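Let the hints inform the model, and build the full structure from the sequences given.
Protein chains in written order, with the working numbering: chain A, 1 to 544; chain B, 1001 to 1403.
Hints may contain errors.
Restricting the straight-line Cα-Cα distance to at most 20 angstroms, the calculated cross-link-like pairs of lysine to aspartate or glutamate (DMTMM-like) are [unchecked claim]: (1) A:100 with A:189; (2) B:1050 with A:535; (3) A:206 with A:27; (4) B:1394 with A:251; (5) A:241 with A:69; (6) A:100 with A:111; (7) A:528 with B:1403; (8) A:275 with A:312; (9) A:100 with A:251; (10) B:1203 with B:1186; (11) A:528 with B:1186; (12) A:432 with A:104.
Think of the hints as simulated: they come from the structure by calculation, not from any bench.
In this text, all values refer to a predicted model and were calculated from it rather than measured experimentally.
As a plain string of letters, each chain reads:
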Amino acid sequence: MLAGWRCGACFTLAIWATLGLAAVPRERFQESLIIRPLHDGKVSSQFSFLTSVQDATPRNPETLGLEDDSQHYTVFPLALGQILREYAITEMHLTLNAGKWNYDQWGYPNEAGVGTGAELWAWMGDGGLATVDQRWQGLRNALAGLFCASLGSLDEQRTTSPVLTFAPEGLLPNWTRPHQLRHASLPSEHVCTENLTPFLKLLPCKSQSGIASLLNPHQLFDADWHGMGVHVWLDPIEGVKVRLTFQSVFDPVRNSLGGRRDWSFTSIFGRTIEKHCPVAQTSSIQIELPDDKSYTLSPEPTRVDVNIALFDLVNRTEPFEAAMQWLGEATFEYPLNAGDLSHMPLSVRRTLRGSSQARGQLSVVLTNNWPTEMHVIYLETMPWLLQFYLHTLRIYCNGEPCDHLISNISYTPPVPHARPTMFQSVLTVPPKTTIYLTIDVSKSFLRYTEHPPDAQRGWDLPPAVLVPLRVRENQTIDQGTRYPRIYTPILLVDLATPDFSMPYNVIILSCTLITLIFGSVFNLLTRKFVVVQLDGPTKDKNIN
Amino acid sequence: MTSGVTIPALVAGRLLVSLLPLPDALQHDHQLSSPLTSYSRLQEGIYLFKNGIDPYSGGVFRHSPLFLSLFSTLLPTSRVTSSILWTLCDAVGALALIRIWRARQRVSSSSRDGLIGAVYLLNPYLFLPTLALSTSTFENTLTLLSIMFASEGQISASLLTLAFLIQLSLPSLLLVVPLFMLLVGDPVSRLASPAPISSDLRKTIPMLFEFMVYSIVLVLASTLVSGSWAWIPNTWGLGLTLPDLTPNPGLWWYFFTEMFDHFRPFFLVVFSVHLIIYVFPICIKFQHDPLFAAFILLGILATFKPYPTLSDPGLFISMIALFPEIYPYLRHPIVTTLLHLHASLLLPLFHHLWLTQGTGNANFFYAITLVFGVSNGAALIDCIYAGLRIAIGKGDGFEVVQE
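See the structure below:
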């Protein structure tokens, strides 16, 4: 009897606890801005808006046919939440970037996803009513609508599944069937104001207050490099997290009259922070301090951690503006050396060689900047219009063939008009060594309707992705320590074009020739041969 | 016997040329090898096959699984050995052509043997694809072997080579009917005295059965080698669906590059059926001389097949040497020769101008493929005319016209 009463009490308590958690999900919103003055006079900035929903879990695709839990959010972006629930997305990363991230000069970015153009990858559970590919299609169309970007073009002609390179950042729930990865990139997509406006709408304070008020499209899209990102993942402790980021690299030297590298919020963003966002639990600005000590920073930071100045905006009431000046420097002298390369494990160059429109050669030059051996996951995803000839894959190091440096090759050949190529492998780069990788490619000939309107411009090819790994002895590739991804610059391939004004002419000319031969052949085969006497009466002699 | 000296000398000469470094530049030429016959695609397929990737899962490898099994096990794939293999294959083709000639003339050797061998071995349309290591060389040799066995009455050998040929190239199905007629008849020239077919056509039924057995065995062997049925749409299906629009000297590629999407299936059917239309009229008209019917159908294939290379018209042109009796009746041999000369000189030039130099556009190459089509068609029509006209003979005081 006593045991039964206790059981009932526990049950009631459990229900109350569940209801309480479900009714008030503990949402947190944190914002931060990281500013880094760079070696070459430029200034990189990264806005990051992190929203987490405590105890929330991604939707299991098995439940797609059933009624979903109602969604009540206070600061979590509802528009995004609905998409994630509708297509049962566990983890998703969308980046829209413009420009070429210069790793050798700027080092690693704060956000790894800096590939030019649009890139979308998602980990999704399998099973349920809709297949992974149907949900992937739904996801990209929904995101295309949400962010006003041509993500609908990330179709099956661009979609691959490079699981080794794009490992999940968060936790994948242990459902009955394993998760699947879908990845696609569209290098010709550009990011502009129409993408930033919906991005700002996802923030609880829009661009009215807090750090987000610095997101001024006039200044951001004037930057040398700019890009936005949306990242959703499942944190094992803190539940579902969404991170909205905006990165840019400004060039104060270009924009100042005297060629100085001084910068302030007004000079690079054109705005200051008037008031802080009331729902933000933390709101911090971090400014990385340069190695040369000749600068002055205003105002005085709340705290200085080694070489990072920290400002806390939560309790600040007056408008905030930070500025950095080099008072003793009349004009900025561009450094002549490439800077210290040792902050990047790898330097990469990728080019497409050959002047022919029928074939060429892809060449990748990898330099290991560190004095230790490095393993690198190397991923190429190519639209089907470029076909690899894997038997021509060659690697040279120190002027000699080193084909043994490549291993773990996984390759999906392209299908014309349908599926892209995916080439994934692991390269071993000896310490302080440059390796040269070449592979012959052939360029496809497209139907005239498949060419873009500006066909003579060529086709943008997606960047290659490299993931440096530190693998100790008796470790496998999967267990190695991963460094952030490195994206190569994109390539432009010149494909042969037909004459776009000719379809009718070609149909007419080709058909004329065929009917001419057809007609002549059947004329000969069907009509009788007759002998005509040149003098005297006609005498027919028939054959057959 | 001149062929005893000429042929070995020619083969030796060709071997020498094939071992020069020149072929590397030719290997990627679109006129010498199509996606179905390209050597680099063959190597790619073998590489994928050896590394455990299904070569038919993508669109690069279009060769028959028979090539895959042969080259990944028995035959060598190094540059030098391949050159030797391809040249020897051409030599076999030349010998087969000579034996067809002997069978047609019913002699064991003739003074023309050397000439016929030379016509095959020195034909640039056949020579250059061999240098480019295009597998069309194998197709041509199998075609000639199949006709040779049929002419000599070796039924099983002929049917087996024909089944192999169709494995490599589906359009060769056109040759089935004339070859069966040749098997039940004989290759002797009766162009000058046409008569209704006298052979018993019912004898073809067991042959057809035998041919089906060979074909099914080869299809099953191909499936076994490649591990799935995926090779069928990737090899045979290619000529029917034309997913690869790589330029070639034929008429299909630019037509389907420029085709409106909603008409594409219709015209694909029209172009494929168009090839079949010729088979029965030609076989009925030349029922007295099935070898000539096979020759004319090879001309049709060379002009109209989906992925032709120069070696297809090359085979047709070299086979003209088998029919010296029609030469006096050709209406415009000089014009046809000059057309061919014109087209074959401008084909590589315009191809280079369009794709490498960038100073010409696609219309340049398209225009010259049209001229090439005209010259092939002219040769074909002239041969048909001469093959029919010979029946009346030459004489003074009369002219032959068509009613």
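Agreement of residue 100 of chain A and residue 111 of chain A with the hint, judged by alpha carbon distance not exceeding 20 angstroms: The given pair, whose Cα atoms are some 14 angstroms apart, holds under the 20 angstroms limit.
Restraint check for residue 100 of chain A with residue 251 of chain A, where alpha carbons must lie at most 20 angstroms apart: Holds, because 14 angstroms separates the two Cα atoms, which is no more than 20 angstroms.
Compare the distance between the alpha carbons of residue 100 of chain A and residue 189 of chain A with 20 angstroms, and conclude whether the hinted pair is satisfied. Holds, because 13 angstroms separates the two Cα atoms, which is no more than 20 angstroms.
Need the status of pair residue 528 of chain A, residue 1186 of chain B: alpha-carbon distance at most 20 angstroms? Not OK: residue 528 of chain A and residue 1186 of chain B at ~26 angstroms, beyond 20 angstroms, violated.
Taking 20 angstroms as the top limit, are the C-alpha atoms of residue 1203 of chain B and residue 1186 of chain B close enough? OK: residue 1203 of chain B and residue 1186 of chain B at ~14 angstroms, within 20 angstroms.
Taken at face value, is the distance from the CA of residue 535 of chain A to the CA of residue 1050 of chain B at most 20 angstroms? violated, 76 angstroms
Hint consistency between residue 206 of chain A and residue 27 of chain A [alpha-carbon to alpha-carbon, up to 20 angstroms]: At roughly 17 angstroms apart (the allowed maximum being 20 angstroms), residue 27 of chain A and residue 206 of chain A satisfy the hint.
Is residue 432 of chain A within 20 angstroms of residue 104 of chain A, Cα to Cα? holds, 15 angstroms
Sort out whether residue 69 of chain A lies within 20 angstroms of residue 241 of chain A, counting only the CA atoms. Answer holds: residue 241 of chain A to residue 69 of chain A is near 18 angstroms, not above 20 angstroms.
Verify the proposed pairing of residue 275 of chain A with residue 312 of chain A, using a straight-line Cα cut of 20 angstroms. Holds. Residue 275 of chain A to residue 312 of chain A sits at ~12 angstroms (cutoff 20 angstroms).
Between residue 1394 of chain B and residue 251 of chain A, is the straight-line Cα distance small enough, at 20 angstroms or below? Given that 20 angstroms is the threshold and the Cα spacing comes to 91 angstroms, the pair is violated.
Residue 528 of chain A paired with residue 1403 of chain B [C-alpha distance capped at 20 angstroms]: holds, 5 angstroms
Of the numbered hints stated above, those contradicted by the structure are hints 2, 4 and 11, listed in ascending order.
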